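Using the supplied hints, reconstruct the complex from the two chains, each of which is provided in its own coordinate frame.
Chain by chain, the residues run as shown.
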Amino acid sequence: MPPLLSPLPKNEFDAYKAAHLLWRAGFGGTWDEAATLAKLGLDAAVDALINFPKTPVPAPEGATLPVESEKAFQERVKNLGESERQKAQEDRQARERNGITDLKYWWLKRMLDSTAPSGGKPAPLQEKLTLFWHSHFASSYADKIERTYPMWQQNEMFREHALDSFPEMLKQLIRNPAMLVWLDNAQSRREHPNENFARELMELFSTGVGHYSENDVKAAARSLTGNSVDRDDWSYRFRKDAHDFGQKTYLGQTGNWDGDDVVRIICEQDATVTFMTKKFLEFFVYENPEPALLEEASALYRAQGLALGPFLATLFKSELFYSQRATSAIVKSPVVLAIGALKSMRVDIPQKDVLTNALRLMGQDVFFPPEVNGWPGGMAWINSNMLLIRYNFANYLLHGVSPDEFKVFNQKTTAGTMRRQFVQGQRSLNETVWSPRKQLKDSGMNRKLITSGDIVDYYIKQFLQRPVSRDLRDQLLGFAETDAAGGHKSYSVEDTNFDERTKGLVHLIMSSPDYQLC
Amino acid sequence: MKNTLLQTRREFLTTGIKGIGLLTASAYVPAFLTRTAMAAGTGTDSKILVVIQLSGGNDGLNTVIPFADDLYYKARPTLGIKAGATLKLNDYLGLHPDLAPLKGEFDQGKMAIIENAGYPNPNRSHFQSMEIWHTAEDANGPREINGWLGRYFDAQCQGADPHVIADKGSLGISFGKVMPQAFRNRSNVGLAVDNPDTFQWNASGETIGLAKAQEAIFTKLNKPGAISNAMQNLSTLGGITGNEPETLDFLKHTAMNAIVSGDRMRAILSKKKDHTAYPSSNLANQLEMIAKLIAGNFPTRVYYAVQGGFDTHANQAMSHSRLLRDVAESTRAFLQDLRAQKNSDRVAVVAFSEFGRRVAENASGGTDHGAAAPMFLFGDKIKGGLHGNPPDLKNLVDGDVRHQIDFRQVYAAVLDNWLGASSEKVLGRKFEKAAVI
Numbered sequence: 001m002p003p004l005l006s007p008l009p010k011n012e013f014d015a016y017k018a019a020h021l022l023w024r025a026g027f028g029g030t031w032d033e034a035a036t037l038a039k040l041g042l043d044a045a046v047d048a049l050i051n052f053p054k055t056p057v058p059a060p061e062g063a064t065l066p067v068e069s070e071k072a073f074q075e076r077v078k079n080l081g082e083s084e085r086q087k088a089q090e091d092r093q094a095r096e097r098n099g100i101t102d103l104k105y106w107w108l109k110r111m112l113d114s115t116a117p118s119g120g121k122p123a124p125l126q127e128k129l130t131l132f133w134h135s136h137f138a139s140s141y142a143d144k145i146e147r148t149y150p151m152w153q154q155n156e157m158f159r160e161h162a163l164d165s166f167p168e169m170l171k172q173l174i175r176n177p178a179m180l181v182w183l184d185n186a187q188s189r190r191e192h193p194n195e196n197f198a199r200e201l202m203e204l205f206s207t208g209v210g211h212y213s214e215n216d217v218k219a220a221a222r223s224l225t226g227n228s229v230d231r232d233d234w235s236y237r238f239r240k241d242a243h244d245f246g247q248k249t250y251l252g253q254t255g256n257w258d259g260d261d262v263v264r265i266i267c268e269q270d271a272t273v274t275f276m277t278k279k280f281l282e283f284f285v286y287e288n289p290e291p292a293l294l295e296e297a298s299a300l301y302r303a304q305g306l307a308l309g310p311f312l313a314t315l316f317k318s319e320l321f322y323s324q325r326a327t328s329a330i331v332k333s334p335v336v337l338a339i340g341a342l343k344s345m346r347v348d349i350p351q352k353d354v355l356t357n358a359l360r361l362m363g364q365d366v367f368f369p370p371e372v373n374g375w376p377g378g379m380a381w382i383n384s385n386m387l388l389i390r391y392n393f394a395n396y397l398l399h400g401v402s403p404d405e406f407k408v409f410n411q412k413t414t415a416g417t418m419r420r421q422f423v424q425g426q427r428s429l430n431e432t433v434w435s436p437r438k439q440l441k442d443s444g445m446n447r448k449l450i451t452s453g454d455i456v457d458y459y460i461k462q463f464l465q466r467p468v469s470r471d472l473r474d475q476l477l478g479f480a481e482t483d484a485a486g487g488h489k490s491y492s493v494e495d496t497n498f499d500e501r502t503k504g505l506v507h508l509i510m511s512s513p514d515y516q517l518c
Numbered sequence: 001m002k003n004t005l006l007q008t009r010r011e012f013l014t015t016g017i018k019g020i021g022l023l024t025a026s027a028y029v030p031a032f033l034t035r036t037a038m039a040a041g042t043g044t045d046s047k048i049l050v051v052i053q054l055s056g057g058n059d060g061l062n063t064v065i066p067f068a069d070d071l072y073y074k075a076r077p078t079l080g081i082k083a084g085a086t087l088k089l090n091d092y093l094g095l096h097p098d099l100a101p102l103k104g105e106f107d108q109g110k111m112a113i114i115e116n117a118g119y120p121n122p123n124r125s126h127f128q129s130m131e132i133w134h135t136a137e138d139a140n141g142p143r144e145i146n147g148w149l150g151r152y153f154d155a156q157c158q159g160a161d162p163h164v165i166a167d168k169g170s171l172g173i174s175f176g177k178v179m180p181q182a183f184r185n186r187s188n189v190g191l192a193v194d195n196p197d198t199f200q201w202n203a204s205g206e207t208i209g210l211a212k213a214q215e216a217i218f219t220k221l222n223k224p225g226a227i228s229n230a231m232q233n234l235s236t237l238g239g240i241t242g243n244e245p246e247t248l249d250f251l252k253h254t255a256m257n258a259i260v261s262g263d264r265m266r267a268i269l270s271k272k273k274d275h276t277a278y279p280s281s282n283l284a285n286q287l288e289m290i291a292k293l294i295a296g297n298f299p300t301r302v303y304y305a306v307q308g309g310f311d312t313h314a315n316q317a318m319s320h321s322r323l324l325r326d327v328a329e330s331t332r333a334f335l336q337d338l339r340a341q342k343n344s345d346r347v348a349v350v351a352f353s354e355f356g357r358r359v360a361e362n363a364s365g366g367t368d369h370g371a372a373a374p375m376f377l378f379g380d381k382i383k384g385g386l387h388g389n390p391p392d393l394k395n396l397v398d399g400d401v402r403h404q405i406d407f408r409q410v411y412a413a414v415l416d417n418w419l420g421a422s423s424e425k426v427l428g429r430k431f432e433k434a435a436v437i
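These protein sequences, in sequence, are chains A and B. Per our numbering, the first sequence starts with residue 1, numbered consecutively. Per our numbering, the second sequence starts with residue 1, numbered consecutively.
Just chain B, same shape as in the assembly (with noise of 0.2 Å):
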């Protein structure tokens, strides 16, 4: 019998999810594929989360403007954007200029903006605040590796949410190098997906008329419980034994997860030409790819974008713009493409950045790391419009926006209100829901 990951992969495209139950048939598909694609759900009615990641720390003051309060034109002698200039939202708060695409969304009450978010005791390293958004854990203490969103795959495979899901490799994608730590879990799905043309093992044994037999091949070698890699004849040393089997198996689920999902991402993204225009930036791609798989009801529910540069500690006024214009452009196209394909009503957007920015401005033209800031949501069933009040700028921290509403609060929220999972037990303990979606 010659039953080759090739004709696996075209099996699986061709019955589609919704003929999944021939997949348990082929003795070439992952276990973990099989089992879940018992429960499988057709993906296309269920909610989608969209995360929007602004790395590097956005400065909060200069991106929602108190331009009523003199102290904010006191810290920000040359920062300051005059209140002129600024976007109103009422007669204390104006959006930063460049945010004017986004400015329907506010009025049409499809853009919420949470004012003042952090969380207790703030910590002002990038990686420290970011693990801290990252696994909704408190800054001080012992926390936990797995990520919120990754505590929410655990969730789902276990079977406690009912919308589950045809495979745990299309659980969650971020587009990106890396994997968010949000998206780090124990079941070991979620997909990161840099460029998806890349996103295949390519056979080079066609020339000589073998590229079946090599795919066949590396399917074993990559294929978790295939072939054993166990070794005999390695020294040991008191007390300290291998772990190498564990990386291997890593290794191996990481492939197949990857060239399965791959195939299928593909085979939707190649398939048809998008009208909404897009403008050219990186944060831009990955929306219009997250749009495409939606629109071709790929079973994802939550997407992860980010775009980077937030880190202004010097000559700030100008990168700024352009990071906020390429937000609000982006954001912009993303959601009027969703309202193009119908699904604006299943996609709801939520924006952060790991902390805002020190209120008062360097003397490099720039803001050093900061504490609480503003974080947003977009989508056509969120609650829009402005949550909480204005920051305080008499009352500060250590001279950061003192935060008025913890971030788990949002995301308690989005987990029980958007997603339908159950937010104490992802999260680890109940929070009071923030009244945004």
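This is chain A alone, in the form it adopts within the complex (with noise of 0.2 Å):
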């Protein structure tokens, strides 16, 4: 039986599969970008996602904010009254809050703009790389870390090593200020070694459960003893008081270890490729790949000394990626979903505050993870609630109106007040959202879309981006055929209400099904 890995035939890729590569390694794109990505070739269109530039990127405004140590700020209040010092505080808060929307915003700006080849703007795959490692390697602004400076730290750290080989990775981790205090090791101390860190190091982000004994939890705790932060300018510390300097049983492995002994014995775990393998698999393949498979590409990411560069360029070069098996396969994401959108519309962000807020609805407040474990993802994106918001969602997007309007419980609101919200929300955004008949004059695509069902297969082929069935494109032409009266009309782009009846139509298409998945 031939490798599973085999690539494909480099005659098949397509835009439709230039497109698969496009939501997989990134955030979906425009036809136009699939189709260029496609006569560039397989081989030369992966390695344009893959080999992106590793210029420096500028740092958002907020993020770079000199952070005022602990220290100088209790200099500053130590002399004004109770109620002075309370101001000061609740500003410097109300000052990170606003920093952390203005970085959530800043990085999902980063997403829309990204493009394969990149010429200068950010690259789709470094992006969504940062993406997956802020989830597997989650740290939350919440609760512990309420700073927005190590945030944007964190996640520069990642983007910066986001193809780097694991070890290298783990090397940044157990050094990254967000992540020490996050899960306490920042205040771990030879005397109580705090072993939060120490487990999900091991559990969750590399060689997971099962691979270790508890007595080499608290070996790695007492390990990573002093990779501390300093509180006053959120960089590294390693506090040599508090290190534990003697000697360790390691994962059978005996020395006076510190951090980065448990990084080398942690990637020497047959457990540990398997486990990244699994999780890179189901990030950019499909979801419970066979065994067979797991085996055979663990292999391979063994064979690269757990580089990821070209393990992915394997990856994205094969028959299986593109194969039935694989092909809308995953849940998008809602952060994939939103961009994704965006990027089909072609029109930028409307309001980062609802495209934020809109994202925690769906379930991806991105730099605010759920939990230690990330989002879990894959089937995990839907449920009756999360499944209802991402549909009206694309009502936000098509119309602006924001899922948060709707408040009806609690409140005195009806249909009738919901129904002025709408219509409201639609004229306050009616400048800036998007205006397809536009659109398709500028590029003259006016011209060659004559019949209704030219129109209906060009939006298919913009925001769906791959065949559908038959029965799919009917329903959807009957709709684009309906008239107010029930009755039938043809669809054209001189219609009066065409922008109205396309967002309808687009509204239907991302609120089916087969739209949550690529």
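Across the chosen pairs, the derived CB separations fall in these ranges:
1. E290/A <-> E424/B: 32 to 38 Å
2. K383/B <-> R95/A: 51 to 57 Å
3. E424/B <-> R302/A: 43 to 49 Å
4. R186/B <-> A94/A: 47 to 53 Å
Result set (DSS-like, lysine-lysine): computed pairs, CA atoms no more than 30 Å apart in a straight line:
5. K332/A <-> K212/B
6. K438/A <-> K212/B
7. K82/B <-> K144/A
In short, the hints are calculated from the structure, not lab data. All values reported here derive from a predicted model rather than from experimental measurement. No residue lacks a Cβ here, since even glycine has one placed at the ideal position from N, Cα and C.
Next up, the structure:
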């Protein structure tokens, strides 16, 4: 039997497959981008995604604000009265809150602007991997950190090392201030090692459960004592006096281990290779990979010395990656759903607060992962609650109606009020949202879309970017050709209500189960 | 014929549950609804279970405090709650002072404390231990992925229980963004509801008079079996075949379930103003919604609420106080609400956490992951009081409290004596029932 990851025959790489690649290695794109990538050919297309330029990313405003140290803050407020001090504290909190919202927006905008070949723009795979690592090594702004600067610092670390080897990534991680504070290692001391980080480092970040004993957790915790943070400027600091220099036996190896030894030993474990390979397959290819595939991919990852770039190149060039099993097999994460939709619409982020709010409602509030194991992903994105919010999110994108606006419970509001809000929302956002007719005219596409079917097929291609069943197309065409009296009319770019009708059509596409998958 | 979901939904709302037979006439009602509607009951007289999950590992020793045990104060030099500050339950145990709102419940026998609840071979990972509590499976060995309540739902759907519920969607409702694994089941029932306001699909075609047409097509796209999504021309690879149809089917079932149940839920929630005052907290919001649904005769039998934040590795004292105060005030308001609406006889509340915390405090003013801890039961018809002995701090397991009662004995009692199910069937084996309900 040939290897499961044998390459796709080069002549089979078409725009549909390029679109699939863009969804998985990035955040989707326009149909034109897919077509351009297809023209490059499979090898050059994958190369354009993986070998992105390693230029430094300018920091967003807000996150670069010099951090006022706790000491300086206390100094500043020490002579103030109680209420003024309270106010200074609240101001600082508000500044940080605004900072993290700006940071979210900055990152989402990078995702939206990303394209391959990047040509100076953000690289899709780099941002996608940053999102992957952010979920895999989840730290949240909430509760313990509550500062924008360390969250940006961590985000930048994931971005810079996105394609690095796993040992290198872990070495960065055990020195990452946000992580060390988030999992309590910053205050772990040799007298009482805090086990939180040590445990999650194995359970969630590398080997998975069942590959270490409670004694290994204790040994790792002792080895990691001293990896701490200077809370004054949020820099990494090794605290010698807190470190346990004694001998530890960790995963069968005995020595005076420190954090780097823990990383080395973790990366020598077969369990780590398998665990990470499975994570990559589930993120990029499909959930529940077959044992044979997992085995073959693990061997490949090991052979690459746990370096991610060449491993992903093989995946993205494989026939399996483009097979029926892998096509439409992944539930889009809310971030991919939102950014992908904006890319297909070819519009900018309409209102940053509403977008970040909508992402929170859909369950993926970046910089605020819900738990230390990040976002569960896959089918876990879907339940009755999330699915409806996704569908209504489409309504927001198209018409400016935020899902958050539907206040019925605990209020006197009625369906009538909702309708008013709907109309008001539409009016206020009319200038900033999508205008399909203008786009078609500007690009000259309006002359090529003659029949109702042409237009429907065009939007299926822009948004779903894959062949659809006849049934699905017929339903969408049925809507496009319905008139207000319930009769039949043709659908044309020249219709007075073309924009509204098109938004209604795209709302249906985005409210289909099919659109949830990529 | 213009048969839209909108019409179906109106029909549903006006005819109500008792008139559910009418629904079989509509071609647009999901098949699962009509199937179970045949055996519909009113739901107004059946027992209800509310689960409160305290996520993160609640510090049991600082919740029910063994103030007469010197070992407690030795292990907790800074975090120990002074005997005088506790709310005495007897001459050995006292409640954390912030649980004051619940003291009256305890004194009247309407709160049960089940000491040292846990399971053999305790797992100290949040996710593993939570999974054990949710699935009611052993710590070691193969684990069923479906939850203990999900398996109860499955048993209901097979008609094994005489108290059949009106539709599958409303068998269980959990508040929060994600469905708890405890609800996971074969029949794809149960709802996760974060905000009932957003629990509907809003057509956008109304400005051009196309809302109805759009809604009709939306229904077809999302109704299981209404249209075919099958594609022919995709390549397959030796031995590995596609699974897209199952995924799409799952999405469709989820959508239909949500839309029909959401309309009914909102109809109840928006109807009347509640008179009981609830504190302002996430948990209180969840419990208030549950109380309203119960008052509105919603046919759900199992509700699930979640309160997070109990993973107190550092600087625990303040945050734990705040959490316990919230739990106590919210639960007390809920119980009072149920009494006011005369439903307190048919509701039981069970509160649990995935583990307790280590006996010895750590150097960060917190506590690390531990093992056994108290479980709580509330309600007018439960067997209140203290169950089991105080934690034995002389006889620890790896520095943690040893379990004396298996939490599944509590589940068994709830399933058999409260929900009228067969715990042996649901849990897959026989557990000796705890005498708590």
